[in-house]
Amino acid sequence: MKGSPLLRALVLGCVIFVLGWPLHLLTQRGQEAADKALAEPTASVVKSALPLVLTFSQPAQRVELRHLGAVVWVKDHPALHETLELSLPFPKEGLELGVNVGWTGESPAALRLQLTSPEGAELERTVWGTASVETIVPFP
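Numbering (the working numbering), first residue to last: 1 to 140.
Careful: at least some of the hints might be erroneous.
Derived Cβ-Cβ restraints for the label pairs, each shown as a range [stated by the list, open to error]:
# : residue 1 : residue 2 : range
1 : GLY69     : GLY13     : 37 to 47 Å
2 : ALA110    : ALA70     : 23 to 33 Å
3 : VAL133    : GLY13     : 52 to 62 Å
4 : SER57     : LEU23     : 55 to 65 Å
5 : GLN31     : ASP76     : 44 to 54 Å
None of these hints come from the bench; they were simulated from the model.
Note that beta-carbon positions come from the ideal geometry of N, C-alpha and C, so glycine has one too.
Full structure from sequences and hints, please.
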C-alpha cells in the first residue's frame with residue numbers, strides 16, 4: 001500500500017469542495033429564481049370586494065370564516081340569512097374559505113354559501129353537518 005490514508009482523505013476533500021462549490025452556487029440561484037417566480041403572481045392579485053350570502057337551514061350558535069388562516073368574518077347567533085362583503089384577493093385559480101359552524105341541536109343542518117366573483121359569476125357551495133362543522137370550501 002502506497003501513500004498515506006490521511007493524504008488521500010485530504011485530496012478527496014479538496015476534490016469534493018472544488019466540485020461542490022459551483023453546484024451549490026447553481027442550486028442557490030435556481031432557488032432564488034423559483035422564489036421570485038412564486039412571489040410575483042401573488043403580488044399582482046389585488047383585493048376585491050366579494051359579496052357573500054350565507055343561508056342557514058336552522059339557527060346557528062356561531063359562524064366563522066377564515067382565509068389563509070386569518071379570521072375574516074365571525075358572528076355569534078347569526079340570522080338565518082346573512083349578507084356580507086369580504087375584501088379578499090381572488091386569483092384566477094380561485095379562493096378557499098375555511099368555515100367553522102356550530103349549530104344548536106343534534107339534527108343535520110346545512111349552510112349555503114353564495115359568492116359572487118369579481119367577474120360577476122355566482123358560485124354556490126353547501127356545507128352539511130350535525131352540531132358543528134369545520135371544513136375548507138373551495139371557490140374555483
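Each hint, compared with the structure:
1. GLY69 and GLY13 have their C-beta atoms about 46 Å apart, which keeps the hinted 37 to 47 Å range intact.
2. For ALA110 paired with ALA70, a C-beta distance near 25 Å keeps the hint of 23 to 33 Å intact.
3. Range check, VAL133 to GLY13: Cβ separation about 59 Å, and the 52 to 62 Å hint holds.
4. Against the hinted window of 55 to 65 Å, the Cβ-Cβ separation of SER57 and LEU23 comes to about 60 Å, which satisfies the hint.
5. Separated by about 46 Å at the C-beta atoms, GLN31 and ASP76 satisfy the suggested range of 44 to 54 Å.
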